[in-house]
Amino acid sequence: MCPSFRTLVLASALLAAEAAGAESPSQFTNGLGMTFIQVPAGRFSMGSPSDTPGHEPDETLHEVTISNSYYLQQTEVTRRQWLALVDGVPSAFPECGNDCPVDGLKPAWVAWYIKALSEQDPAWDYRLPTEAEWEYAARAGTANAYYTGDCLSGAQANVTGRQVLPGCEPFGRASGPRPVASYPPNPWGFHDMLGNAWELCGDWYGAYPEGAQTDPDGPQDGKYKVLRGGSWHFPAVHARAANRFQARNAIAGFRLVAEPVVRDSQ
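Counted the way mature numbering (1 follows the signal peptide of the UniProt record, and there is no 0) counts, the sequence shown spans residues -22 to -1, 1 to 244.
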């Protein structure tokens, strides 16, 4: 597969704009139909206060600065996008169709896919988001348990409603994964960051460092990678923006960050 002309033009335009001090494009779509939205640099409170409903001990509240903007995929990677590079059914629920997210993946499989995609599309380097980048984009400028507020409903995300936060209305059990973008996006335009499929981050799971952080990328090593966002199979309390989960089992989906490749002009 060759990178699309559109992808190469967009990457070249982005680099030229940065060199000229102009604004970068707010989003782009690559040759596999993956749309990426630019997330602005900024600062946010990562984790959750210890006295808030649903708080877990590993969600220590701390200030995080994201010093540079980045491009994050608008949706989870779909089966169609996976099968464009990798043979085999990338899910335990093939009947859902190729517009549903991949799931049930091991981190090593995701790493192989990212390497293949970056090789096929040399204008961009692709990677998993850091845990901080993921939460920053999931919150989209909000500070509640969810970007929807203090509660999350079955109409807002593909989650199970048998266990909800205090004061929230319970709802039924989800029946399975749904095609990406079946639910409304968050304020920054990202779909399914809460629910549908767990999303793998690039960080090893570990305790947060003390104090304010700038562009944290987790421990240098560890036993398990971090999962974020909950899934259709898990209750709404696990889809809180601050909730952290260890990738002990192969249950992951993922979305990607795209970085323009800067090449030596000589």
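One should not assume that every hint holds.
As the list claims (entries may be wrong) - Pairwise CB distance ranges (calculated):
| no. | residue 1 | residue 2 | range |
| --- | --- | --- | --- |
| 1 | ASP77 | SER28 | 25 to 33 Å |
| 2 | VAL240 | SER23 | 30 to 38 Å |
| 3 | GLY119 | SER28 | 21 to 29 Å |
| 4 | GLY127 | GLN98 | 39 to 47 Å |
| 5 | GLU97 | ARG151 | 36 to 44 Å |
| 6 | SER45 | PHE149 | 14 to 22 Å |
| 7 | PRO3 | PRO163 | 15 to 23 Å |
| 8 | LYS93 | PRO148 | 23 to 31 Å |
| 9 | GLY20 | CYS74 | 31 to 39 Å |
| 10 | LYS93 | SER28 | 16 to 24 Å |
| 11 | SER23 | ALA228 | 28 to 36 Å |
| 12 | GLY167 | HIS40 | 20 to 28 Å |
| 13 | GLN98 | PRO31 | 26 to 34 Å |
To be clear, the hints were calculated from the coordinates, so they are not data collected in a lab. Here a beta-carbon is modelled for each residue, glycine too, at the ideal position from N, C-alpha and C.
Hint check:
| no. | hint | result |
| --- | --- | --- |
| 1 | ASP77 <-> SER28: 25 to 33 Å | violated, 40 Å |
| 2 | VAL240 <-> SER23: 30 to 38 Å | holds, 32 Å |
| 3 | GLY119 <-> SER28: 21 to 29 Å | holds, 23 Å |
| 4 | GLY127 <-> GLN98: 39 to 47 Å | holds, 41 Å |
| 5 | GLU97 <-> ARG151: 36 to 44 Å | holds, 41 Å |
| 6 | SER45 <-> PHE149: 14 to 22 Å | violated, 39 Å |
| 7 | PRO3 <-> PRO163: 15 to 23 Å | holds, 18 Å |
| 8 | LYS93 <-> PRO148: 23 to 31 Å | violated, 43 Å |
| 9 | GLY20 <-> CYS74: 31 to 39 Å | holds, 35 Å |
| 10 | LYS93 <-> SER28: 16 to 24 Å | violated, 40 Å |
| 11 | SER23 <-> ALA228: 28 to 36 Å | holds, 32 Å |
| 12 | GLY167 <-> HIS40: 20 to 28 Å | holds, 26 Å |
| 13 | GLN98 <-> PRO31: 26 to 34 Å | violated, 45 Å |
Violated hints, in rising order: 1, 6, 8, 10 and 13; the structure is consistent with all others.
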